[in-house]
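2 protein chains.
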Amino acid sequence: MTKNDQHDLPVNPDLVLIGQALKIISGKWRLYIILLVGDETRRYSELNESLPAISEKVLAGELKALVALGVLDRKVYAEIPPRVEYTLTSKGRLTLPILKQILEIGRIFNY
Amino acid sequence: MTKNDQHDLPVNPDLVLIGQALKIISGKWRLYIILLVGDETRRYSELNESLPAISEKVLAGELKALVALGVLDRKVYAEIPPRVEYTLTSKGRLTLPILKQILEIGRIFNY
Numbered sequence: 001m002t003k004n005d006q007h008d009l010p011v012n013p014d015l016v017l018i019g020q021a022l023k024i025i026s027g028k029w030r031l032y033i034i035l036l037v038g039d040e041t042r043r044y045s046e047l048n049e050s051l052p053a054i055s056e057k058v059l060a061g062e063l064k065a066l067v068a069l070g071v072l073d074r075k076v077y078a079e080i081p082p083r084v085e086y087t088l089t090s091k092g093r094l095t096l097p098i099l100k101q102i103l104e105i106g107r108i109f110n111y
Numbered sequence: 001m002t003k004n005d006q007h008d009l010p011v012n013p014d015l016v017l018i019g020q021a022l023k024i025i026s027g028k029w030r031l032y033i034i035l036l037v038g039d040e041t042r043r044y045s046e047l048n049e050s051l052p053a054i055s056e057k058v059l060a061g062e063l064k065a066l067v068a069l070g071v072l073d074r075k076v077y078a079e080i081p082p083r084v085e086y087t088l089t090s091k092g093r094l095t096l097p098i099l100k101q102i103l104e105i106g107r108i109f110n111y
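One line per chain: the protein sequences are A and B, in this order. Sequential numbering from 1 applies to the first sequence in my numbering. Sequential numbering from 1 applies to the second sequence in my numbering.
Calculated from the structure, these hints are not laboratory results. Since the model is a prediction, treat every value here as computed from it, not as a measurement. Watch out, some of these pointers could steer you wrong.
To be verified - Going by beta-carbon spacing under 10 Å, a handful of chain A positions derived as facing chain B:
id : residue
1  : Tyr32
2  : Tyr44
3  : Leu51
4  : Thr95
5  : Ile98
Just so you know, even glycine gets a beta-carbon here, dropped at the ideal spot from N, CA and C.
Only chain A is shown next, with the shape it has when bound in the complex:
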């Protein structure tokens, strides 16, 4: 039972929700970084090594944005050298299955 079934007039999708979702996945790297972290705890150095194609400045900016959006948690350990680790937040984990499916869209249109 949905409010919108079998309507003839177009039902406008919620632009606020679309905008919010696109903030998380837009840009070439955000979705990639989220999928790379996945269910694991990833050190900054690991992420940096896994992303040779982007500069450290871009990576740092994207990580900062994903932390600000509430997708990633960042923990800094006061070691020498300092250790910085990223994990998905609980909201980030909730979206992971959907984000993985976005690859499926690419697969459908790639072949």
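Add chain B to chain A, keeping to what the hints say.
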């Protein structure tokens, strides 16, 4: 059984598939237009009326891009005035359930 289960090193997501998927959903309007067409046949005039916030030029450009990407089918009927109708292609229809779920990402981060 997947190739990547229980790995310790990050498994790089497929950038080509991510890029392909983002072409379909990126920008403020593509996802919106696809969801607006949905399972229906939509006249250009209907879409235009449902999207008062974007100019006709932007709408025409986005529709053209979605046709070129293979997401939308465009049919022109030689009537007076000419009738132009859009439907999702079969590939577009295949992605519709995933695209609807993207709204869920917005919902998760909106609250």
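Cross-check of the supplied hints:
1. At a threshold of 10 Å, the smallest CB-CB gap from A/Tyr32 to chain B is about 5 Å, leaving the interface hint in force.
2. Residue-level restraint check for A/Tyr44 is violated (minimum Cβ-Cβ distance to chain B is 12 Å; threshold 10 Å).
3. The interface hint given for A/Leu51 is met, as the beta carbon of that residue sits about 8 Å from the closest beta carbon of chain B, less than 10 Å.
4. Residue-level restraint check for A/Thr95 holds (minimum Cβ-Cβ distance to chain B is 5 Å; threshold 10 Å).
5. Below 10 Å, beta-carbon pairs count as interface contacts, and A/Ile98 has one with chain B at about 5 Å; its hint therefore holds.
In this structure, the one hint that does not hold is number 2.
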